[in-house]
Amino acid sequence: MILTKLCEHYDFLLEKKPDEIPSVGFEVSNNIKYFLVLDSLGNLVNIIPNYVREGNRDVCKPHIIPTRITRRQHTRPHFLCDDTQYVLGLPRPKGVDENGVVSDAEERIREERCEAFLNLHEDLFKGLDNPLVNAMLIFLRNWNPDDFKTLEMDRVIREDMKNVQGLVGFLLRDNNEMLMDYKEVKDAWVTYLYDVEWADNKEKQCLITGKHGKATRLHNRILGAGGRSTGVNLISFDKPSFRFQGKSQGDNAPISIEAMHKYTVALNHLLDYNNNNSIRINEQRIIFWARTEAATGLINSFFRPPDDESELKKFYEYMEHVSQGRPLNKWNPELEDSTEVYMLLLSPNSARLVIQGWGQWTLKELSERLTEHYNDMYLEPVPWKRPPSVFYLVRQTISDNKDSDSIDPTMTNDILNAIFGGWLYPNKMLTSTLLAIRSDRNVNGIRAAICKAVINRKHRKLVNYEKETIPMSLDKNEKGAGYLMGRLLSLAETIQRASRGSRAGSGVVGKFYSSASTTPAHTFPSILRNTQNHLIKLYKNKPGLAVNFEKALSEILEKVENFPKTLTLEEQGMFVVGFYHQTNESYRSVKRDDKVIEDGADRQLEPTNESYDPQ
Amino acid sequence: MSRVKLRVWGDRACFTRPEMKVERVSYDVMTPSAARGILEAIYWKPEIQWVVENIQVINPIKFSSILRNEISSKISLSENRIRKMLEEDTVDEFYLDTTQDRQQRNMMYLRDVDYVISARIKIVGGEDNMGKHLDIFNRRVKRGQTFHHPYFGVREFPVNFSNETTEFDVHESLQGEKDMGWMLYDFDYSTDEPVFFRANMLDGNIDLKNEGLNGVK
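From first to last, the protein sequence lines stand for chains A and B. The opening position of the first sequence corresponds to residue 1 in this note's numbering, with each subsequent residue numbered one higher. The opening position of the second sequence corresponds to residue 1 in this note's numbering, with each subsequent residue numbered one higher.
It is possible that some hints are incorrect.
[As the list claims (entries may be wrong)] Quick list of in silico lysine-lysine cross-link-like pairs, PhoX-like style, CA-CA up to 20 Å:
{"no.": "1", "chain 1": "B", "residue 1": "K132", "chain 2": "A", "residue 2": "K364"}
{"no.": "2", "chain 1": "A", "residue 1": "K364", "chain 2": "A", "residue 2": "K330"}
{"no.": "3", "chain 1": "B", "residue 1": "K62", "chain 2": "A", "residue 2": "K461"}
These are computed hints drawn from the structure, not numbers from a lab. For clarity, every value in this text was computed on a predicted model and none was experimentally measured.
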């Protein structure tokens with residue numbers, strides 16, 4: 001399904017952006033550094049650069065050129081564009097000694113290559129009558145590599161060309177046209193490919209299209225996915241243990257040349273970060289596509305929530321709309337319920353590309369799932385200004401003290417599956433978050449939301465669960481042990497800060513969080529003893545505040561029958577939510593009374609300033 | 001009446017796509033080839049061939065992925081190797097050191113699968129006694145007898161099977177008509193070539209009556 005859908009996307013792209021998408025036998029090149037400008041008589045009149053300097057790199061303007069076939073033999077010229085050794089017969093730097101003398105071996109090679117380049121073009125251009133073609137042939141026939149020394153040109157260009165870096169193309173001065181602009185040239189190349197280059201390819205049934213046709217031997221590489229710098233392969237059989245029944249390379253999986261071209265071009269296009277179809281989390285890439293811009297835009301805003309106020313408002317409206325079950329095009333006429341959306345989760349593994357996840361949904365299904373996810377996570381007071389992106393969610397499952405490199409990639413995969421597929425959140429999500437909190441003592445709103453989401457969804461979806469779900473906002477009637485313990489700890493912390501009058505010191509949470517959340521019966525008695533001492537101190541300075549605290553404390557304590565010896569994982573999750581709710585309650589109700597409380601209480605409510613996604 | 005039905009289910013399945021063999025990706029549903037494999041594990045004789053006619057998908061299609069350490073080379077079984085081994089009476093080079101040969105390979109597999117396979121027996125030799133074959137098969141299914149334990153595409157995912165094939169509700173996500181693309185039908189061992197077919201799923205049902213090894217439909 002995956003490859004089929006990628007091929008369909010190629011067809012769609014080819015229709016929409018024919019100038020950017022190469023057809024079979026061609027590729028996009030970012031490597032053409034210079035153009036040789038010829039006049040119609042075949043004289044070289046100028047050499048113009050095709051790049052701009054960005055930072056410390058030369059960035060070339062991309063062009064579609066004939067596919068460059070891997071040079072398996074020593075001498076194998078490319079069609080139309082090649083490096084200066086093939087086009088102009090310049091020697092490679094390694095064959096020239098310090099005095100500028102070219103070694104014999106190098107002489108032979110460069111003559112061979114220059115010759116080969118001319119011959120290839122003579123062959124392919126036979127019978128064509130075209131101004132640039134003719135000019136190019138005249139130029140190549142008359143060109144002597146020694147002429148290069150006497151040519152007038154910029155010093156930078158000369159150095160570059162001597163170093164045989166990058167490719168060189170041809171341009172006709174009179175009308176600024178390139179060889180690739182002419183249909184007859186392109187046709188000649190395609191004919192050559194099918195008749196000569198692919199003549200020996202076997203006829204097989206393609207497993208993507210089902211049609212019989214020439215099967216490809218090797219597959220094009222995918223760039224933009226990490227791994228090997230020259231690109232990775234989605235499909236390859238380079239080690240013996242991968243091959244089947246002694247078949248070599250592409251025979252192991254018959255795919256036609258055309259289908260291979262389509263899916264590789266589509267994949268490369270989607271992975272190109274300029275196209276807004278992909279997100280990166282560490283080594284993983286999430287790519288998504290749909291037929292309409294509006295749909296892709298929607299998914300983009302899920303992965304990269306907008307900063308802009310009005311954009312955010314629209315996003316919330318969209319979710320409201322979906323929750324009410326109304327069709328999408330009533331809210332935004334560009335969005336259709338039935339648009340198909342595809343998502344692929346990729347990861348590099350040295351020279352190969354690994355598929356870790358795949359999903360396909362209608363826009364309606366997707367919207368419903370996103371809204372369900374958001375509602376599952378929702379807490380009051382809302383712990384975020386903009387809905388947390390996937391990266392941010394996943395980041396919260398590991399300790400703040402660790403690098404974001406330690407994010408578990410299978411977690412990302414399972415979470416995405418849960419969100420888009422509507423399945424249960426992985427249990428890992430809860431356990432990792434709890435471990436992270438114990439490690440860095442940061443009980444923030446996002447983590448509370450994560451705990452709530454995992455537990456609530458489990459309760460809702462598994463039919464035999466009868467327990468009540470976690471409340472969105474502070475629920476004073478909730479008697480669950482975990483929840484109450486969390487509230488208690490938060491209150492103890494607030495009281496301590498108030499009595500001490502400053503934020504200094506690690507506080508109750510810093511010292512006791514781990515043991516309080518796992519073995520409350522063991523820890524709370526001593527915590528509460530200290531709390532009493534703090535209250536006594538507070539009574540001396542701020543009796544009004546102390547009374548309020550005492551009231552809050554007794555309100556919680558009267559619900560506690562006895563302190564549980566241990567808390568289960570779920571109860572620990574509720575602990576986090578209770579803590580969060582109570583902290584906000586304290587913040588709200590004493591805001592007007594005492595500034596110190598403000599400082600202490602709002603410490604960990606806002607998400608940290610970490611960026612929402614890595615790029 | 002040469003038809004049988006078998007209910008099969010399991011926690012995991014991986015019907016590997018031929019093009020994604022290295023970093024395995026499963027097809028969305030069971031391939032006829034895998035179904036045949038399950039049936040053959042329960043009962044097979046050279047005199048019969050199994051022809052799969054229908055696959056009913058019951059549980060929703062759910063993927064998950066796992067990363068494992070595997071090896072990259074094969075132990076060579078060339079004639080020269082073996083002759084050398086016999087002549088020199090040594091097995092010195094005839095081993096694989098897995099610690100030196102690591103390859104990490106990912107597998108994207110299906111979770112919680114549940115199918116009903118409908119197939120028929122084709123007698124290709126011996127006496128023309130269909131009843132006998134069916135009896136043996138049904139008896140073996142009831143007793144849980146197998147030549148080797150049937151598996152869902154790869155050996156590590158075992159199959160639970162039974163002849164209880166009528167109690168099921170097709171999941172709502174499988175309702176309607178879905179195009180599953182081109183799938184592997186089976187291998188034609190006479191030519192060593194894979195044969196593909198266009199799979200169409202109707203309410204979870206994939207009809208294979210018109211497919212066969214004789215090519216594109």
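Does the structure keep A/K364 and A/K330 at a Cα separation of 20 Å or less?
holds, 12 Å
Taken at face value, is the distance from the CA of A/K461 to the CA of B/K62 at most 20 Å?
holds, 16 Å
Check the hint pairing B/K132 with A/K364 against an upper bound of 20 Å on the C-alpha distance.
violated, 53 Å
Comparing the model with each earlier hint shows a violation of hint 1 alone; every other hint is respected.
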